[in-house]
Amino acid sequence: MEGGVFSAHKPTYLLLLLHIFLLALLPFKAISSPKTQAEALLTWKNTFASAPPSLTSWSLTNLNNLCNWTAIVCDHSTKQVSQIDLSNFNIDATLTHFNFTPFLNLTQFNLNGNNFTGPVPSAIGKLSKLTTLDLGNNFFDQEIPVEISKLTELKYLSFFNNTLIGVIPYQLSNLQKLGLCTSLTYLDLTSNHLEGKIPSSIGQLRELHYLDLHMNSLDSSIPSELAWFCTNLTYLDLTSNHLEGKIPSSIQLRELQYLDLHMNSLDSSIPSELGFVPPHLLDLTSNHLEGKIPSSIGQLRELQYLDLHMNSLDSSIPSELGKIPSSIGQLRSFSTLILVQFLNSSIPSELGFCTSLTYLDLTSNHLEGKIPSSIGQLRELQYLDLKNSLSSSIPSELGFCTSLTYLDLSRNQLSGSIPLTLATLQYSDLNLSNNNLNGPFPQRLFPSWRIMIF
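Residue numbering for the sequence shown is -32 to -1, 1 to 422, as defined by mature numbering (1 follows the signal peptide of the UniProt record, and there is no 0).
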């Protein structure tokens, strides 16, 4: 009986269900139309302290021409907004007045280089199609909303240079939510006021290429998960935090080109495993590292910049790195070399083979002997500081370093006269003070140098 009644009214039920389904679609269509998007953008623009002249296309009279508005890119098929790029528009505003709901298909949202203030609204989690979110160089404050973890298509995320606070575990990786953003390749949280630990769940970001967390107040240790699992990392900067403990010996970042951990409180020794990581830049300055410099560092043939000063490392330099004897000449890619307070031998002539050097600082060591004439082969050299215990004369070949802008040979035991070849150098800083130089000083030949000679 009941089945017969249902069968009799079945067409009515089906029509009712279809009607409900169509009604459900209407609001979505209404909130996502080009017209509602244009109206939402105009409403937001009206909250700007002073709208930039470049946004004059954002107007009621131009409501039906949304896809030609400045800073707006539309999807060709739907004619709806797919990208908003307001970078460097000098806008004074907040995101709290932005209506996220009409922009559910937005893929790129760039507000870099403005004066946005206030919080990052939790409603930003509605933009589930985002692949790029750049809120860098603003004045956003408060905590990073956990709803960021809903942006599972995100590849690029930057909060660089804001005033965000909070603890990363609660803001970006609570319940390993950051780990859900498995497509992320670029993450920059530099120059904020973030504190607490670097979450271990960051190791789940297997596609991450770029990670910059420097200039925060992060503490605790570097998670081994980061060192072990983020195998696609090419850039890692954790500078100027309060990180402590060891550099993880589990480091397996074979693609890494830039590793900067300076100005932390890292202790223990430098792990030999770093020799299997091929960075172009390695900066471990200003930590509490001790022990020997591992010989494996000498295997880094692509290394261009190495800075280990202001630690408690043993004074000996591994021969594989170049004592600094002859093997340093194998590091042909070096552009910057800073070895302060390590050395007690002489400067090897093979240093002249490092022809990519632009910056050479061997200050405050106990180097003795001659300045090798081969240093004249360093035609790209711009900065040279050799304050030590060097003796003999200044080699005339220094005049062949035609790119030199800064030359400090002070506080040595150099003797003889000043080579006239130095007069070919055109720039401003020369310090030869506190030596045993003699003979007349041809000042008229050095009109472009700021000279300090005693």
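Be aware that a few hints might be false.
Each computed SDA-like pair below joins lysine to any residue, with the alpha-carbon atoms no more than 20 angstroms apart [as the list claims (entries may be wrong)]:
hint, residue 1, residue 2
1, 260, 240
2, 165, 121
3, 355, 327
4, 338, 281
Here are the simulated distance ranges between beta carbons [stated by the list, open to error]:
hint, residue 1, residue 2, range
5, 25, 233, 28 to 36 angstroms
6, 89, 10, 30 to 38 angstroms
7, 93, 192, 41 to 49 angstroms
8, 83, 223, 20 to 28 angstroms
9, 404, 192, 30 to 38 angstroms
10, 313, 402, 45 to 53 angstroms
11, 44, 107, 42 to 50 angstroms
FYI, nobody ran anything at the bench for these hints, they're computed from the structure. Positions of the beta carbon are idealized from the N, C-alpha and C atoms, including for glycine.
Tested hints:
| no. | hint | result |
| --- | --- | --- |
| 1 | 260 <-> 240 | holds, 10 angstroms |
| 2 | 165 <-> 121 | violated, 25 angstroms |
| 3 | 355 <-> 327 | holds, 14 angstroms |
| 4 | 338 <-> 281 | violated, 26 angstroms |
| 5 | 25 <-> 233: 28 to 36 angstroms | violated, 52 angstroms |
| 6 | 89 <-> 10: 30 to 38 angstroms | violated, 19 angstroms |
| 7 | 93 <-> 192: 41 to 49 angstroms | violated, 30 angstroms |
| 8 | 83 <-> 223: 20 to 28 angstroms | violated, 37 angstroms |
| 9 | 404 <-> 192: 30 to 38 angstroms | violated, 54 angstroms |
| 10 | 313 <-> 402: 45 to 53 angstroms | violated, 22 angstroms |
| 11 | 44 <-> 107: 42 to 50 angstroms | violated, 35 angstroms |
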